[in-house]
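Colleague: Dock chain F against the given chain A, drawing on the hints supplied.
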Amino acid sequence: MKIEGYFDPDFKPPAPFVDAIIISEEAGVRHKVSFLIDTGASMTILLDKDVKDIGLDVGRLKKAEKQVGGIGGSVKTYLVEDARVVFESDEGFYEQRLLLYVGLHDLTGANEKTIKRVLVIPSLLGREILSKFDLYCFPGKAKLYLEYSK
Amino acid sequence: MEEVKNKEYREIFSKSKENWDWFRKNRGKLLEEYSEQFVLISEQRVIAYSSDLDRLLKMVSPEYREKEHLVKYLSKEGIELVL
Numbered sequence: 517m518k519i520e521g522y523f524d525p526d527f528k529p530p531a532p533f534v535d536a537i538i539i540s541e542e543a544g545v546r547h548k549v550s551f552l553i554d555t556g557a558s559m560t561i562l563l564d565k566d567v568k569d570i571g572l573d574v575g576r577l578k579k580a581e582k583q584v585g586g587i588g589g590s591v592k593t594y595l596v597e598d599a600r601v602v603f604e605s606d607e608g609f610y611e612q613r614l615l616l617y618v619g620l621h622d623l624t625g626a627n628e629k630t631i632k633r634v635l636v637i638p639s640l641l642g643r644e645i646l647s648k649f650d651l652y653c654f655p656g657k658a659k660l661y662l663e664y665s666k
Numbered sequence: 166m167e168e169v170k171n172k173e174y175r176e177i178f179s180k181s182k183e184n185w186d187w188f189r190k191n192r193g194k195l196l197e198e199y200s201e202q203f204v205l206i207s208e209q210r211v212i213a214y215s216s217d218l219d220r221l222l223k224m225v226s227p228e229y230r231e232k233e234h235l236v237k238y239l240s241k242e243g244i245e246l247v248l
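In order, the protein sequences belong to chains A and F. Take 517 as the starting number for the first sequence in the numbering used here and just add one per residue. Take 166 as the starting number for the second sequence in the numbering used here and just add one per residue.
Read the hints as simulated data drawn from the structure, not as lab findings. Built from N, CA and C at the ideal position, the CB exists for glycine as well. Certain hints may be false.
What the hints assert, rightly or not - Selected chain F positions facing chain A (in silico; Cβ < 7 Å):
(1) Y174
(2) E176
(3) V211
(4) A213
(5) S215
(6) L218
(7) L221
(8) M224
(9) L248
Unchecked claim - Just a few of them, taken from the derived set where beta-carbon distance is under 8 Å, the chain A residues facing chain F:
(10) L595
(11) E597
(12) D598
(13) R600
(14) E604
(15) E607
(16) Y610
(17) L623
(18) A626
Bound conformation, chain F alone:
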């Protein structure tokens, strides 16, 4: 049981890292193409993009929503936060 659980966790973290590494590598290009938009990345590619997060999530099939994915908001200006 513990092994099954660990295998599942390992897969989630590993897929997540793959998406993140791909995003980092391609961030410059993605910023040029999708600035001020939300993008959904899965299997090391952009699956969908939109300036509206709700619309983006509706555009993506349940298959991709269930798979490990990364949703990023891209902005050339950078996101400034004071919480």
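Only chain A is shown next, with the shape it has when bound in the complex:
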């Protein structure tokens, strides 16, 4: 089973992405999100731009005990405990439950440049999902896919 990704040309150099639908009854979410494939991230996390775009109310979510670091500074972290992620594959839809992290930077008092720098950071698809797949990445051919590995 293969899930096709793509390289986003707005990043320099073009960055590897894959689209997925995030679903949660608890958070009232059913939206498509473009995830940066980040083999350096331990977990999958929705970040500021997508949180705002989706209109996710973090007040409905439980605060994570562990705070996440390394994403342009420390972020306030919340958990979506009933999340599911859906990918489109060549064999239909692949759906998986996950503990979804939601990270929000504290932008109080930040200047416009800092705010923009934070808001261009995409949500990250981390290793708890990526470890179920083999990642094939051919930037020279602008080709990218995840293949399910049993």
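Modeller: Relative to chain A, chain F alone:
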């Protein structure tokens, strides 16, 4: 039930692909017109743009927020990230 679910997923991915394909095709023109701004694309056109993401999202009617759409930040310089 499964069929309904699959139909819904198919529609979301298909609309998303349409927006993305349109964006790719028109990216050069959009970069000239909206550099250093956030744009919201839906139904293969720019619905709104602003240098402020919060303002952009407020400008867009709930109807478009609910529809499948694409929010992109456009920069001629390109976005550089080290996470």
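Colleague: Could you run down the list of hints and mark each one as holding or not?
Modeller: We went through each hint and held it up to the structure:
no. : hint : verdict
1   : Y174 : holds (5 Å)
2   : E176 : violated (10 Å)
3   : V211 : violated (15 Å)
4   : A213 : violated (12 Å)
5   : S215 : violated (12 Å)
6   : L218 : holds (5 Å)
7   : L221 : violated (9 Å)
8   : M224 : violated (13 Å)
9   : L248 : holds (6 Å)
10  : L595 : violated (20 Å)
11  : E597 : violated (21 Å)
12  : D598 : violated (16 Å)
13  : R600 : violated (11 Å)
14  : E604 : holds (5 Å)
15  : E607 : violated (12 Å)
16  : Y610 : violated (10 Å)
17  : L623 : violated (10 Å)
18  : A626 : violated (13 Å)
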